[in-house]
Amino acid sequence: MSDKTMTADEVVSRLRSGMTLGIGGWGSRRKPMALVRALLRSDVTDLTVVSYGGPDVGMLAAAGRIRKLVAAFVTLDSIPLEPHYRAARERDAFELMEIDEAMFMWGLRAAAHRLPFLPVRAGTGSDVMRVNPGLRTVTSPYEDRETFVAMPALTMDAALVHLNRADRLGNGQYLGPDPYFDDLFCEAADSAYVSCERIMDTAELTKEAPPQSLLVKRHTVTGVVEAPGGAHFTSCAPDYGRDEAVQREYASTPWPEFAARYLGGGLDDRYPE
Amino acid sequence: MTVTRSEYCVIACAEAWRDAGEILASPMGLIPSVGARLARLTFSPDLLLTDGEALLVRPDGTPEGWLPYRQHLALVTGGRRHVMMGASQIDRYGNQNISCIGDWARPKRQLLGVRGAPVNTLNNPTSYWVPRHSRRVFVEKVDMVCGVGYDHAAGARFHRIPRVVSDLGVFDFDTPDRSMRLASLHPGVTVEQVREATGFDPVVPDEVPYTREPTAHELELIREVLDPAGTRAREVGA
Chain X
469 MSDKTMTADE VVSRLRSGMT LGIGGWGSRR KPMALVRALL RSDVTDLTVV
519 SYGGPDVGML AAAGRIRKLV AAFVTLDSIP LEPHYRAARE RDAFELMEID
569 EAMFMWGLRA AAHRLPFLPV RAGTGSDVMR VNPGLRTVTS PYEDRETFVA
619 MPALTMDAAL VHLNRADRLG NGQYLGPDPY FDDLFCEAAD SAYVSCERIM
669 DTAELTKEAP PQSLLVKRHT VTGVVEAPGG AHFTSCAPDY GRDEAVQREY
719 ASTPWPEFAA RYLGGGLDDR YPE
Chain A
1032 MTVTRSEYCV IACAEAWRDA GEILASPMGL IPSVGARLAR LTFSPDLLLT
1082 DGEALLVRPD GTPEGWLPYR QHLALVTGGR RHVMMGASQI DRYGNQNISC
1132 IGDWARPKRQ LLGVRGAPVN TLNNPTSYWV PRHSRRVFVE KVDMVCGVGY
1182 DHAAGARFHR IPRVVSDLGV FDFDTPDRSM RLASLHPGVT VEQVREATGF
1232 DPVVPDEVPY TREPTAHELE LIREVLDPAG TRAREVGA
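Protein sequences, first through last, are from chains X and A.
For the first sequence, my numbering puts the final residue at 741, and the numbers step up evenly by one.
For the second sequence, my numbering puts the final residue at 1269, and the numbers step up evenly by one.
Think of the hints as simulated: they come from the structure by calculation, not from any bench.
C-beta atoms are modelled at their ideal positions from N, C-alpha and C, and glycine is treated no differently.
Any given hint might turn out to be false.
[Claimed, not checked] Restraint-style ranges between C-beta atoms, simulated for each label pair: (1) A:Arg1265 x X:Met469: 18 to 28 Å; (2) X:Arg582 x A:Asp1050: 37 to 47 Å; (3) A:Arg1089 x X:Ala728: 42 to 52 Å; (4) X:His581 x A:Gly1110: 21 to 31 Å; (5) X:Lys685 x A:Gly1096: 20 to 30 Å.
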């Protein structure tokens, strides 16, 4: 069986400008920040980003890498409004497909199940339909004849997720309370890259955690990156919580200044764990 | 001791979950959270509560279930939930906006995004909490419909907005055209104050009751068990 371990920069070397890129986690929780930072160090741009958005979106937006965003929100959780995302939106920096959280989930599921769409009871009556004129509806063929939004599959060229543990083959394990949608991102994308706090032998994964913590299956994974602190400054329970001080610094510092300090190669040294 | 405005707000929020049965109470915001836990500890003992993340918990924090986002979003569509959301803007028919202010294509102020408001309003009862009642929030027309109001809800089988609670009073939509009605004033507030702070004409009945008084037991729970640090006063001042 193949060893899929690689570095964050090797992951990014497989990404191309113009790709549709899914990013796992939720808000400022378990975001694959080591991979996002590597992406920011590259010249990959013109991306369509699909994300339950947090600082991943804020940073990529501030750096001008996003051509189109698919999202239901962008937030830093403890700081409700993501300042860099706000600034980008207020200067109309990219195209936005703004959809509801559940529509987003069913879009991921449709992609994972190779369906063109799934019917959802969400969106109808709201301005989600006005701002997404491409969204179509579908009427139940059964007696109820109810009309639903046909949520299109959110297919992706690549997905980036961060988990607590993984083996070298791509089996990924979450140890926190919420899997978010990381398995769906991996299933919905043509290729998926898992960064993790620690790479372990397969047999070790289930020694201290139940088998249902094995969230991501290796057949959906292309590359595995060992990146201790790889979600920093977002949370990665139970390994570490959100680094609120650094998040505040990020939120209150002009992006070029923050980027120079944090992306110039020093970040990984500064936060090894 | 005098009942504070924030405590009337807690009572008004708690009442949203009266007779709700064995469903999930999803409060957004501090005072709705105190209200939901108060309801759970008193007149609605069957309510389910979350820790704000992936666990269902008893009021003392003891986990009793697992509800990660994927299950929470699915639970919404089953309807066994009553959410109380915030609103940056809300109009006379209960359309709610938390996405942006101004033109959506290039907003004057980008806010959170639609979040789960569209799915919530079409699937489970959705109430709203507005800690500072003003013409900036209670507007004639919202800039972006996130939560669906009664005038956009034709054919929506499970759409219901039981109440809107603000720091001035409680509002409902029990009118022939489903426009917003003043249901009760918090003691100390006048109808004039409400009119002054509302960007449209709410329906005002001839007799407007006051929001009910908390019982002694409820006050004790609010002050000594649920919010001993008094954080509620930071959300709604005297």
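Verification of the hints:
1. A:Arg1265 x X:Met469: 18 to 28 Å: violated, 56 Å
2. X:Arg582 x A:Asp1050: 37 to 47 Å: holds, 45 Å
3. A:Arg1089 x X:Ala728: 42 to 52 Å: For alanine 728 (chain X) against arginine 1089 (chain A), whose Cβ atoms are near 48 Å apart, the range 42 to 52 Å holds.
4. X:His581 x A:Gly1110: 21 to 31 Å: holds, 24 Å
5. X:Lys685 x A:Gly1096: 20 to 30 Å: Distance hint for lysine 685 (chain X), glycine 1096 (chain A) holds at roughly 26 Å.
Comparing the model with each numbered hint stated earlier shows that hint 1 is the single one that does not hold.
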